[in-house]
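Please model the complete structure; the sequences and the hints are all you need to start from.
Those sequence lines, one after another, are chains A and B.
Numbered per my numbering, the first sequence spans residues 6 to 168.
Numbered per my numbering, the second sequence spans residues 1078 to 1223.
In short, the hints are calculated from the structure, not lab data.
Where hints are given, some of them may not hold.
[As the list claims (entries may be wrong)] Calculated cross-link-like contacts (lysine-lysine; reagent style DSSO-like; alpha-carbon spacing at most 27 Å):
(1) B/LYS1189 / A/LYS166
(2) A/LYS149 / A/LYS101
(3) B/LYS1162 / B/LYS1091
(4) B/LYS1152 / A/LYS166
(5) B/LYS1149 / A/LYS152
(6) B/LYS1152 / A/LYS142
(7) B/LYS1149 / A/LYS166
(8) A/LYS152 / B/LYS1189
(9) A/LYS163 / B/LYS1149
(10) B/LYS1189 / A/LYS163
(11) A/LYS142 / B/LYS1091
(12) A/LYS158 / B/LYS1189
(13) A/LYS163 / B/LYS1091
(14) B/LYS1149 / A/LYS158
(15) B/LYS1162 / A/LYS142
(16) A/LYS158 / B/LYS1152
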Amino acid sequence: MSELIKEEEILKEIKDKFFEAVENAIIQRKERIWIDVSENKKLEIMKYLKERGYYHLSTISGFDEGEKLGAIYHITNHKIIINLRVRTPKESPVLKSVLPVYPSATSYEREIEDLFGIKIEGLPPGRNYPLPEGFPKGVHPLRKDVKLEELNKMLDEKCAKEE
Amino acid sequence: MKLKDKIILWSRIKSPWIIHFNTGACNGCDIEIVDALTPKYDIERFGIVLKGTPRHADVMIVSGPVTRQQAKRFKRIYDQMPNPKFVLAVGTCACSGGVFDGCYSVLGGIDKVVPVSAYIPGCPARPEAIIDAVVKLITELEKSAK
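Structure representation (structure tokens):
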């Protein structure tokens, strides 16, 4: 696979440096790399990537796999996108904040906190970000176990009570 | 009718000032509203002027479904407009919630928050439809004065 030289190069570097923290590394296609990383080595890997020119955290997306919640950090040097997938148990979902490495991540992390209910350690306190103020606590609409009809009913009742 | 009231009504019909408000639209309808105002359709030639503040406006042109985040702010802006005030709902979303209806973050059409004078369906509503609604609103206003 001669056209994937750059991708294989950077993946090999990450694997050599953080061999114990990296799993399921896949080069999906040209310029797309997917890696499962462990939570406690996440920041170190990001710091390393940033030094290597991957200076842009494009976004963070969350996911719900049933027993585990998690986040995918899409990091890019505007050519290759490296997707770091981090998982956390659903009973006590906690992720460390990536603000020390990527200061622009505030809004993404707030979104993850609101919509998936993953506690972000080290995120400064603030109001709800995508959800409106006064949204019921403990309800995270993008989790799979949330029933839309029940949630809408609850919100409408709350709305009627306020009026 | 007193002369003073006649003059006020005349100015209101001949030159309605509008304010444009987006309650959570995808921007499709906003582009059509701008299209209606700018030289190709040019509703400004009828004396319709876009204002930046609700305190100077007679007609509020609203696009988009009302999100739960926006509802309170929208009501507040509406309350700041002087009487008599009119609301045009531009686009399917503003009329009924459209494709966003039933989402946890969306309340529904704008008639759930404020009374609406005219509904303009379409996704996005065409500038001709917006002009038609404005003309109908003005003719109704004229009729009611007689």
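Each hint tested on the structure:
1. B/LYS1189 / A/LYS166: Status holds; Cα separation ~15 Å.
2. A/LYS149 / A/LYS101: 23 Å, holds
3. B/LYS1162 / B/LYS1091: Roughly 15 Å separates the two Cα atoms, so the pair holds.
4. B/LYS1152 / A/LYS166: Distance of about 17 Å is within 27 Å: holds.
5. B/LYS1149 / A/LYS152: 25 Å, holds
6. B/LYS1152 / A/LYS142: With Cα atoms ~25 Å apart, B/LYS1152 and A/LYS142 stay inside 27 Å; holds.
7. B/LYS1149 / A/LYS166: 14 Å, holds
8. A/LYS152 / B/LYS1189: 23 Å, holds
9. A/LYS163 / B/LYS1149: 14 Å, holds
10. B/LYS1189 / A/LYS163: Distance ~15 Å between B/LYS1189 and A/LYS163 Cα, so the pair holds.
11. A/LYS142 / B/LYS1091: 51 Å, violated
12. A/LYS158 / B/LYS1189: 16 Å, holds
13. A/LYS163 / B/LYS1091: 44 Å, violated
14. B/LYS1149 / A/LYS158: 19 Å, holds
15. B/LYS1162 / A/LYS142: Not satisfied, since the Cα-Cα distance of roughly 38 Å exceeds 27 Å.
16. A/LYS158 / B/LYS1152: OK: A/LYS158 and B/LYS1152 at ~22 Å, within 27 Å.
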